[in-house]
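Taken in order, these protein sequences are the chains called A and B. Position one of the first sequence corresponds to residue 1 (my numbering), numbered consecutively onward. Position one of the second sequence corresponds to residue 519 (my numbering), numbered consecutively onward.
None of these hints come from the bench; they were simulated from the model. Keep in mind that the hints are not guaranteed to be accurate.
[What the hints assert, rightly or not] The calculated label-pair distances, taken between Cβ atoms and stated as ranges, are:
no., chain 1, residue 1, chain 2, residue 2, range
1, B, 660, A, 69, 33 to 39 Å
2, A, 57, B, 640, 47 to 53 Å
3, A, 262, B, 573, 20 to 26 Å
4, B, 660, A, 248, 20 to 26 Å
5, A, 263, B, 668, 26 to 32 Å
6, A, 209, B, 586, 30 to 36 Å
7, A, 69, B, 649, 20 to 26 Å
8, B, 662, A, 271, 57 to 63 Å
[What the hints assert, rightly or not] Now the stretches of chain B that chain A is said to cover, found in silico as 3 or more residues with beta-carbon under 8 Å:
no., segment
9, 520-527
10, 546-557
11, 567-578
12, 644-652
[Unchecked claim] Calculated from the model, a selection of chain B residues having no Cβ within reach of chain A, i.e. all distances over 12 Å:
no., residue
13, 610
14, 634
15, 637
For glycine and all other residues, C-beta sits at the position ideal for the given N, C-alpha and C.
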Amino acid sequence: LAPVLTPIAAGLRRLLAPLDAGVNRLYGSRHNPLYQSGTIAAALMVLLLVTGLYLLLFYRIGAPWASVARITDQVWAGRWIRGVHRYAADLAVVATLFHALRMFAQRRSWGRRVLPWVSGLVLFGIVLVSGWTGYVLVWDTFGRELAVEGARIFDLVPIFSEPIGRAFVGERPIPGAFFFLNLFAHIAIPLGMGVVIWLHVSRVARPILLPPKPLLWGTIAGLVALALVWPVPMIPEASAFRLPGTVPLDLFYAFWLPLAAAWPATWSAAALLGLTILPLLVPRWTRPAQAPPPSVVDERTCTGCTQCVQDCPWEAIAMVPRSDGREGLVGKVDPSRCVSCGICAGSCAPMGVGPPGRTGRDQLETVRRLLTAQRPGPADVVVVACNLGSAVGADGRWMGSPVHSVSCGGSVHTSVLELILRSGAGGVLVVACPPRDCWNREGPKWLEQRVHHGREAELYERVDRRRVRIAYASQGETREALVVLREFRTAVTALQPPPAESAPDVERECDVPAGELA
Amino acid sequence: MVRFSWRARGEVVTRCRRPTAEELAGTPAHMRQETICEEGVVAPYHLRLSVNGRILADSTAPGSGGRGDRSMYLFRETRVTPGTHRVIAELVRTDAADEAGAAGETASARNRRQRAIPRRLSVDTTVAIGEREVVLVTYDAERRRLTVVADQRP
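Kindly generate the complete structure, drawing on both the sequences and the hints.
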């Protein structure tokens, strides 16, 4: 399926690009809910827990439908809290699916990301099971349909002493144990979600679990408003002796119900099995034939400053005792944890770490070749662009400017920016992904701090900051990037032309002189 | 809608025989038995369901479970228009075993036979079914007969 999935992922990226750009214009990239789908889903789980606790106070196993009807009759609390619970559950499905689609589109599911991908699928399964059990708890006609069709599929598994479906045919009243089990599952399964969420983020450094406050409270306020304006109605009570007529389905959870009702149970089970297994195989199918090589630490150059350990978004670098006889510690990359983002290359002042061919020294060599070939002048702006998710893609020229493409904005060594300027270019524009949509996590954040806030490896004070600009522009924001480029060109042209150096040496001081490293 | 649904325990038939003298001689003294019985299977029953003369089932009803020695479960639904409908359900044992029990029947075999459904279960009735109503044809284990159940609520 790999040849099929690759164009599907590319197509999804093309769909997402204008969508992201449009929402960025409305909310700004920091509060773009499309970038925050994962954290929104996590926040909704908390909201579901809180509203669910209230509903639990009034729910009765012995009279499920009647007790929910009484909750709905509480105009001042129960009605809208039930509405928030229901709409939050629906939004959780949308947010989780969107999050998974984005990860799939950006091919962020293989290698180090297999565990987050698989645990994310488990979380999605938990969301669905929680929703199904929640609807069954109400025991209205929709809940009964879910139970009956679910039982048909379950009854294919020959482990029950008698078919589960018999409970709903009317031979005897539904046993209270059935609702107790449902309630138990509805509460216990989401509580177990905490462990899976921990697994989900266990391989990343500094995981973000909640959206920014304005987005968080805005989402909650929106759900409350929806629940007030459009209260969740009571559907007629389920009865084994009365056909329900038209059953209003919640398609977020019951998208499969019309098909399951029309199909034989074996078909439904096969489809369910397929829908479970296929996403689990996505990491295998999206893995590139040749994975990019992991970072390597050059022990001769490493000063043991630990900056790469601090900056690595995947906790792939650890400090270990040196093996070259010198005292102190040296960075060591765990290849199984490294995604080859190159962010460590941008963090290392003496340029002693990074993926092969993309360390700070390698970047300088590449840029020197570019500058020699294109010879930018005082009126020119050189563009350094992330080639994964930003508006500017490959090497070459873009809108009249030379382009040096990198694997991540956060992988750019600040010496590269200095070299470009000291070679005579009027300015350097770094085009990175919006911070909440960095494919490698945290790249734009570290870039910003290294250029403007003195984070190691910082852009030296001697570099004129008026000639350096960072633009955050996603794939759909080419126009915005172009506007920044034009404004920056105008600003640069107005400055005094910089003195061009014929062979500027910008390499950092390190324990071993650069000449000896060759 | 007419729904046929029941759980019916068919009689489990076990074939037993007396061991031969050679078998007894080859068996340790503490393991010798008067009779050797095979694992039982549910006796064969024939199921026939029809609504207004339309046959819904006309076949052997097997016992459930991997060995076919557990209860027979039935679940069948058919949609009908509102009105009166003739409903027939039959579950008839098709082997020739004696209902009164064989001579020399063991206590456990007698117990199984008495807990099993009768040799013949049948219902042949006309039911009135309203709009969106469901009528259930099921087995009443206490009265040991097939019954028709409709919603009791007003």
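Results for each hint:
no., hint, verdict
1, 660/B x 69/A: 33 to 39 Å, "34 Å, holds"
2, 57/A x 640/B: 47 to 53 Å, "51 Å, holds"
3, 262/A x 573/B: 20 to 26 Å, "23 Å, holds"
4, 660/B x 248/A: 20 to 26 Å, "39 Å, violated"
5, 263/A x 668/B: 26 to 32 Å, "29 Å, holds"
6, 209/A x 586/B: 30 to 36 Å, "54 Å, violated"
7, 69/A x 649/B: 20 to 26 Å, "24 Å, holds"
8, 662/B x 271/A: 57 to 63 Å, "42 Å, violated"
9, 520-527, "holds (count 4)"
10, 546-557, "violated (count 0)"
11, 567-578, "violated (count 0)"
12, 644-652, "holds (count 3)"
13, 610, "22 Å, holds"
14, 634, "17 Å, holds"
15, 637, "23 Å, holds"
Checked against the numbered hints listed earlier, the structure breaks hints 4, 6, 8, 10 and 11; every other hint is satisfied.
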